[in-house]
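Protein chains: 2
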Amino acid sequence: MDIVNLSEKFSLFSDHWHPRIVGELNGQHVKLAKFSGQFVWHKHDHEDELFYVVKGRFRMEFREKAVDLSEGEFIIVPRGVEHCPVADEEVWVMLFEPVNTLNTGDAGGVLTKDRLDFI
Amino acid sequence: MDIVNLSEKFSLFSDHWHPRIVGELNGQHVKLAKFSGQFVWHKHDHEDELFYVVKGRFRMEFREKAVDLSEGEFIIVPRGVEHCPVADEEVWVMLFEPVNTLNTGDAGGVLTKDRLDFI
Numbered sequence: 748m749d750i751v752n753l754s755e756k757f758s759l760f761s762d763h764w765h766p767r768i769v770g771e772l773n774g775q776h777v778k779l780a781k782f783s784g785q786f787v788w789h790k791h792d793h794e795d796e797l798f799y800v801v802k803g804r805f806r807m808e809f810r811e812k813a814v815d816l817s818e819g820e821f822i823i824v825p826r827g828v829e830h831c832p833v834a835d836e837e838v839w840v841m842l843f844e845p846v847n848t849l850n851t852g853d854a855g856g857v858l859t860k861d862r863l864d865f866i
Numbered sequence: 748m749d750i751v752n753l754s755e756k757f758s759l760f761s762d763h764w765h766p767r768i769v770g771e772l773n774g775q776h777v778k779l780a781k782f783s784g785q786f787v788w789h790k791h792d793h794e795d796e797l798f799y800v801v802k803g804r805f806r807m808e809f810r811e812k813a814v815d816l817s818e819g820e821f822i823i824v825p826r827g828v829e830h831c832p833v834a835d836e837e838v839w840v841m842l843f844e845p846v847n848t849l850n851t852g853d854a855g856g857v858l859t860k861d862r863l864d865f866i
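As they're listed, the protein sequences go chains A and B.
Each residue of the first sequence is one higher than the one before, counting from 748 in my numbering.
Each residue of the second sequence is one higher than the one before, counting from 748 in my numbering.
Only chain A is shown next, with the shape it has when bound in the complex (with noise of 0.2 Å):
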């Protein structure tokens, strides 16, 4: 029963596009990444994915619209709709998802992270 410190936690990384472990409870994840630039479109066939914006602003793309949102916002995205974050300045964003999701969903490649930190 720890007290998790979110700005100290963000401190402890400075690479993008790869989740930390904060928390775990109920068969979820408290993930915490930076992102920057553009991700990958894709999706979670089984995961429905929380995500909040701790510090800057980012958008979320979806096939047919896309949001902005801002510290202080969370948006999150039901299991089978594509999406693609796209960060204009490095954002600090937390997760909620279930265990094992996984950052790319469906679509692997370069970008996937499949073994997390527990930070």
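Derived by calculation from the structure, the hints in this document are not laboratory data.
A pair holds if it fits inside one copy or across any two, identical chains being indistinguishable in the list.
Derived pair list, reagent style DSS-like, types lysine-lysine, alpha-carbon separation capped at 30 Å:
no. : residue 1 : residue 2
1   : Lys802    : Lys756
2   : Lys812    : Lys756
3   : Lys812    : Lys860
4   : Lys756    : Lys790
5   : Lys802    : Lys860
6   : Lys756    : Lys860
Knowing the structure of chain A, use the given hints to seat chain B on it.
Frame of chain A, contents of chain B only:
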């Protein structure tokens, strides 16, 4: 897939110890609540519970210790662990827990809110 702005949502209610639901994913609810004063000692037999401080600070008391949480910090209280939140001043908290988690857990009583609104 609406954007949820936490400040906007918190502006919609003012009562204490009365969580509102602002998101649902993977069988979990995202809730917002304002705490002030002392809650009731309780535990949840089957649910882990995450408390994230959006604004202000509060103290989570356990039987063996107490911890202070400030803005930008969270704690996960595992199932079965007795706890009691205490806020000397009003604090805004985001919770993440399974659908149907009861705010007062096994304690019941007048502070129980068994029908939460989705705002």
